[in-house]
Amino acid sequence: MSQITDDQIEIINDFVQESRDMLDNLEPTIIELGQSCQKVDCWAVLDCTNEACPRHGKGGKGACWLDEGYVGDGAGRCVFAESEADCRQCQVFALTNGDPETMNAIFRLFHSMKGSAGFLELNNIAHVAHQAENLLDLVRQGKILLENDHVDLLCRSCDFAREALEYIEKEYRDDDMEEAAGLVAGELGEAIEAARKSAESLTAPSGSGLPDEDVASNGAEKLEQLGDDLLTKFIQEGDELLQTAEQQVLQWEKEPDNLDLVAELFRTIHSFKGNCGFAGFASMEHLAHAMESVLDRARKGEKIPVEPVCEVLLRCFDVLSAGVASLAENGSENLAETESILADLEAAVSGRTEENGTNRSDDPAPDPEELRIADILVRRGVVAMGTMATLMRTKSRPLIDALVGCEIATRDAIDKALAEEEAEQARLEKERKEAEAAEAAKKAEEQKKKSPPRPGPVKQAQARRPAPPQKRQDIRVDLEKLDKLINLIGEMVIAENMLVHNPDLEGLELENFAKASQQMSKIVRELQEMAMVIRMIPVSGLFRRMIRLVHDLSNKTGKKVELELEGEETEVDKTVIEQISDPLVHLLRNSLDHGFESPEERLAAGKPEKGMLKLSARHEEGEVWITVQDDGRGLDRDRILAKAIDKGLIEGDGAEMSDRAVFNLIFQPGFSTAEKITDISGRGVGMDVVRQNLEKIRGKIEVYSSKGEGTTIRLRIPLTLAIIDGLMVRVGQTRCILPLLAVREIFRPVLDNLTHTPDGQELVRVRENFLPILRLHRVIDIEPDSRRLEEGVLVILEHQGDRICLMVDEILGQQQTVIKGLSDYLGNVDVAAGCTILGNGDVCLILDVGSLIDLVEQGNCVELEPDQVYSKAG
Amino acid sequence: MESTAVSMDMNGIEDVDGLKGKYLTFHIADEDYGIEIRHVTEIIGIQAITDVPDMPAFIKGVINLRGNVIPVMDVRLRFRLPEIPYEERTCIVVVHIEDKTVGLVVDRVNEVVDIADADIEPPPRTKSESSQYIQGMGKVGDHVKILLDVDRLLYCEEMEKFRSGNDI
Chain A
1 MSQITDDQIE IINDFVQESR DMLDNLEPTI IELGQSCQKV DCWAVLDCTN EACPRHGKGG
61 KGACWLDEGY VGDGAGRCVF AESEADCRQC QVFALTNGDP ETMNAIFRLF HSMKGSAGFL
121 ELNNIAHVAH QAENLLDLVR QGKILLENDH VDLLCRSCDF AREALEYIEK EYRDDDMEEA
181 AGLVAGELGE AIEAARKSAE SLTAPSGSGL PDEDVASNGA EKLEQLGDDL LTKFIQEGDE
241 LLQTAEQQVL QWEKEPDNLD LVAELFRTIH SFKGNCGFAG FASMEHLAHA MESVLDRARK
301 GEKIPVEPVC EVLLRCFDVL SAGVASLAEN GSENLAETES ILADLEAAVS GRTEENGTNR
361 SDDPAPDPEE LRIADILVRR GVVAMGTMAT LMRTKSRPLI DALVGCEIAT RDAIDKALAE
421 EEAEQARLEK ERKEAEAAEA AKKAEEQKKK SPPRPGPVKQ AQARRPAPPQ KRQDIRVDLE
481 KLDKLINLIG EMVIAENMLV HNPDLEGLEL ENFAKASQQM SKIVRELQEM AMVIRMIPVS
541 GLFRRMIRLV HDLSNKTGKK VELELEGEET EVDKTVIEQI SDPLVHLLRN SLDHGFESPE
601 ERLAAGKPEK GMLKLSARHE EGEVWITVQD DGRGLDRDRI LAKAIDKGLI EGDGAEMSDR
661 AVFNLIFQPG FSTAEKITDI SGRGVGMDVV RQNLEKIRGK IEVYSSKGEG TTIRLRIPLT
721 LAIIDGLMVR VGQTRCILPL LAVREIFRPV LDNLTHTPDG QELVRVRENF LPILRLHRVI
781 DIEPDSRRLE EGVLVILEHQ GDRICLMVDE ILGQQQTVIK GLSDYLGNVD VAAGCTILGN
841 GDVCLILDVG SLIDLVEQGN CVELEPDQVY SKAG
Chain B
1 MESTAVSMDM NGIEDVDGLK GKYLTFHIAD EDYGIEIRHV TEIIGIQAIT DVPDMPAFIK
61 GVINLRGNVI PVMDVRLRFR LPEIPYEERT CIVVVHIEDK TVGLVVDRVN EVVDIADADI
121 EPPPRTKSES SQYIQGMGKV GDHVKILLDV DRLLYCEEME KFRSGNDI
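Here the protein sequences line up with chains A and B, keeping their order. So the first sequence is residues 1 to 874, counted in my numbering. So the second sequence is residues 1 to 168, counted in my numbering.
Check before you lean on any hint, since a few could be wrong.
Quick look at which bits of chain A chain B covers, simulated, 3 or more residues with Cβ under 8 Å [stated by the list, open to error]:
{"#": "1", "stretch": "771-781"}
{"#": "2", "stretch": "818-830"}
{"#": "3", "stretch": "842-854"}
What the hints contain is simulated information worked out from the structure, not anything from laboratory work. By construction, the Cβ of each residue, glycine as well, lies at the ideal position given by its N, Cα and C atoms.
Isolated chain B, as found in the complex (with noise of 0.2 Å):
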């Protein structure tokens, strides 16, 4: 099964067990960071974001994809990490989870990357807001990936402020 090529149909539910341990990295700040695969449709440039008001500052706007306007939101922002220039090799990430479409704003695209179950460590017990979006510390070679959690990376406490508060 190894041997596989990856497949991006996420409609098949086979695949998705093809796709089990494998990890999309990416670069941000001096650390590299791992998604499940299984998560991300595609992986496109950067292009013109157009701002949507009053958000939180790392959702940078929206994009067009192909006729479908989905929201950007910037990682480096996420993690409160200073703001740097997009430049060429700045890419978007596109997850898609549970029925909604959201681009990652990410300094580079590594490598996907096989990790298996036994070589993930448990997050860090600490208290601090970043660790509650690590899946695991994933071991390739010597190197450390943080994996996120795709999933509540997204849906943080502040998105979801954001989202009542703006019901009145």
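With the rest of the complex left out, here is chain A (with noise of 0.2 Å):
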């Protein structure tokens, strides 16, 4: 690409991103392909009686189907299949070569990014991702096996792909990524020719035709394999472009002059027919690129007579709104006389032909019937679109003995495809009209009941069909301007807070005054929690990246670990998310390296061969955990200790330490257990990172192990980053927060119930427990009112299943509170989450119940006080 335009870099841009979703979706379903993958004898799945088969009782080597089945050479002597078809579908291919839905899907995401690649003429990525899809395509047919090598070669074309994409990112070409790129596809390369020997007897695989266009078959069948997700994103996107380009043609027809307009439209087309061609909706896809085509000629300058075609677009543009919106109810692209619609678009376009008075002029319009034909075996795939476009405006005799006459296709061939069209119309007509009954059948009977409908029993209901997504939209916008909302809305928070606690208002009745500022709390309030919702993304993208590293890994050290990922539509703050992904990565590592044993040991341990790993979120106690749990062979105490002692990080033998205290040791920097490093951890550099990075979001990390059984580690980060619902309390002359999620009791303790230990901590007593006390006036170091507990208030506090109460002076009230750091000059305070601004402007110190336990739990602040009296000494 020598000149680069604005428009370029936008469209490059978009591609960009597009691929790097689509990559977050294809790594996880390659290893899942690579895991759906099981070593099966044929004889033993299917129960064979044949004992005259080479393969019976003994399984053979290499695929059954290339050896006594019907693909390639096989012999055909399977007495269960009949055809290739049949192999194909029997259960021990799918079994052996991974589940074909699945193979599609990623057949469908590499081929979609070659032609994205291919258009924006990167051709290194394109050529990697035609490497990948001839293996892929190979394997689908049968032709090889998959192996797991297979799957780290995907996977590493993965790789590269991520790798080329930055630099596409900074540079807007792939140039210099051909050697990676030959490395890659070299290797990929390779694989196929390795691949292809080892099945011994092999013909050549047929080149032509796209193999996608095997996959393109229907609708309904499609639709079973795109995720809900996808197909709602699809619609909105649909929708969203076709209103776009509907615009972009009514203003291209006021000024037809403009050829950045119809580049422009060209381009929102594209996208469009990319999507339908991703999602796999064939004939939305065929009529987009028949649009595009006719816009690409406008593009490059022919001359076109605009209104018309323009007429002819919008017309298009019903047609393909329609289809749309019948995916978004019943399912099913449902296209409408797109035949009659081409046919009149090569009319309009045509129609410039004769104006301009060339050879042509007398070129009849397009058969229906042929268009129809021509329709069918594009999508069949017996001939490739652009051939068919070319020979529909060349041919001189009807289509079928062009096809054949200029041997592009077999009659045979021909037929066949018509009729397994035929055969389809006419089973999607009857399952069409099913799902009618069906869906008329349910509403009777929910009727009848006169319930309201449920989601639950209409997905029931619709077993084949997702049930219909529903329309969204979306817009993508800046996270600056977001974060400047949001800090906009917390400024505001103070400010209304400062408005209607004014001192000046003290003590005045002001009932008018009183109703407006509940009312504006109340909103301000709803504004404040939308704000914190706009932030927050679910964690299945983070975890579903840990799928391809857990499965590099466990490669790597030869242990057999099975990730379970549970909670993933748990939402976060997108900060949290990005700050939780490089601990997640380390607790990830440590755990395969360090907490699995191997699979001797497990076996000797009497535990399952495959360690089980799991990965979970969850919202709890207005916090979000994430929780990696392993069942390996959990923390060595006294190696902890040993290690501590040795680098002087602890002074005695440490045997009073709780198990918490030594265990949190891992986290000091430095520090590992490890006697030998590895390339994967071992360099005591990883822990202390984790809890740095979780420090960074007010975030917790706790460990739970015990010998033999294994390891858990949960990372404990508060939901919102920015307000708390506090309780403001009192001591002397400075007042304090309290998150109020931490608070369970509030009450003044009478003499009666109060003691203390013999070591001097106070002790209070609240119905059947004795819980210890701490005095707020000796954390902060002021003098209180009173220094007699019955005189002041004890708030009760729970953090992590422990209980104290706090002694505070008075309680003020329950109010809103912006959190704002304590200044990275100041680092981490240990009793202060942080501060808040209250409505006078003072500073006013949020508490960390954690650490206020912790101090109970060190026993600093046990002290009796002179006066104070108790019941009885304990």
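Fit the two chains together into the complex; they arrive one by one in their own frames, and the hints show the way.
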């Protein structure tokens, strides 16, 4: 690419963005595919009684369908199949070579990447994607067996693509990636060759036709493969694109000479086509392609009768919109009158040729029937789209004759395709009717019950079809703008507090003002909640990236591990996702490298050979808990202690330390108990990074472990990073905020319930329990109103199951609190989680309940007050 | 260039040159001190300081500076001078360095003076702690101003210890 325009940059950026999303999807799918492959014996799976079969009772080398089946040079002796297609549908095929649907999904993703990259002249990416596609195609057709190496290779292709995308983002071209591309593509090529050879006898794969056109069969089948999410996205985006395109066409009609406009329109349609292709909606893709071709000609400066073309284009949009709408409604693309529209489009464009008086002035309008046939043949993959388009313009005899005459396709192939299409149309029609009938029956039943339709039963009734996706509108917003908005809202909360609690208003009876301010507080509160939700994204993207990691690590370490994901839909703030990504990687690495035993050790210890690694996310106690749990060997208390003593991290022998304190030592900088450093982990830099990253988002990390049974590491992250509900308390002249979520009870103690332990820890009896008392005035070192417990107020705080009573002078009330950091300069202040600005402009500390409890546990602040009276000495 | 008004805009690189050789002088106990003006963003009167627990004594706490919470250091205590009650002439000099904003409590602010590099003597070669954050001794007429290195004034071992100590 010589000169790059802004438009191109925009397209490339879009491509990069889309490809990244695609890759995030691709990797887990590839690994899923690899995992779905099993080594099975055909005779065992099928319960085969054919004892004459050479594979019977002993299996054989290579795939059965290549050996006894019908694929390639298979002997064709298998009693369960009669054709190649049978072989490919056989369950042995699916079991050995991977789930066909997953395979198709991967294939489509690579194909679509290849397409976009090719369009943008990013040849290196396209090349790699093409090779990957080739490999997959061979696997899909059963020509070769899917092996573990192939999965790795495909993953590596993804890596390459990511790298290339990064480069493209900077340079807007991928020329310099040639070497890397050559490497990956070469390996893919070698793998293909090797696999082919090992598949013994095998005919060369037919090189004709794009393989995905076999896949692009009909909407209903497609839909099952598409996730609901993807479909919803497609519908939304499709709708938006069509609307944009429509506007652009209308504009074009007004300014026929504006080539920029045409180029824009072309791009819009191209995107739509791309989406259709990606989602597998062949007829829409076909129509969009035709539109695109016309626009391409216009874009390149050919004179085209703008008005009639625009008119037809608008009609095309109507058809496509209807198609998208029908997708949203019942999940099938049901395109009406595609053929006639295509004909009209052709006519409108060729109108130009007549006007220009070229030699084909008497070219008859194409026969609609022929167009239909052409459409079918293209969709069936008998003829490539480009060839067909050329042929339709240049042919001088009936279409089928022309095809056969030019040796583009055989008559048999054409007849077969047409027959298949008819059968399928009939089947679709039947299905549609059945679905309608089912729908009607269901509706009738629902009305009988007179209960509102609930999502559950609806889904069941439509067992084969996903529930119609809801229409949703998205816009992409610059994150910076969003942050500014959220900051502003934070400021507004402070300003609102200042206003409502203004000292000037004190002592005034303001009924109307009170009402108005209440109303405002409510709105501000809602606004805040909204702002928080805007930034939330599900953790699934992050979790799914871990699939690849675990796969690679398990290969590297030779430990067999199964990763289980839970609570992927849990939503957390975007910043949180960014901050916990590295810690998660560290934790998983550690787990794989140090946590799990080798398969032999596991078996010896009476555990299943395969380790269980569980990654889960959930909301709990106003926080998000992200847990990494393994069933490995667990943390070794003695070894950690020995190491800590060795490194001088603790004094004494550490015998009195709690397990929790010992386990927390692993987060010390430079701590590592691994005897040998592997290339995965063991340099002792990981765990303190984990903790640092978490501290940045005010998160906590907890370790639970029992020797021999495994380790659980929990990351606890505050749900919102900016605003909490606070309880304001006062001690002396100082005001502090307690997080309301941690407050359990507030009461004034009576003397009878107060006591203390021999070493001076004050206790209060609350019903059946004695809770330790912490005096806030000692923590922040100020003079309280009174040092006598019965004259103060006790607040029961709970954190991770531990409870303490905090003594304060007075409860001032509850308020929304905007958390501000306590300046990096001060570092992490132990008892304060942050601070906030009060209505009068004063700064007020937000206390950290966890640290307060730690203070009690460490036995700080134990000292009896001289003038305090207790009911009895403990 | 001498007549150019001192601009407080720290963003313009050109301005930094214009600010070179200018020092804000202030008074603590019996001495005059100076800090480079390019670090100073504003000077405010003393205001309510919220105490932060578990900090070295010279960190007085935090204040609200138009919606931003900034820590405040009492330079008197930093130099281990006896504490005196704040009065109306007590000022907070807000300095900004390496993305951190900190308020410095001083007894009173004097003026902005020009001190040419030639008039600055190197700091006394003593091992005393206070000499660590002295950038040089600036001569203005008959007076000597102790020029402070703001960076070192803010980043002392004690703070580092506190920061790492709190991590556990």
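Which of the numbered hints are not met once you compare them with the structure shown?
none
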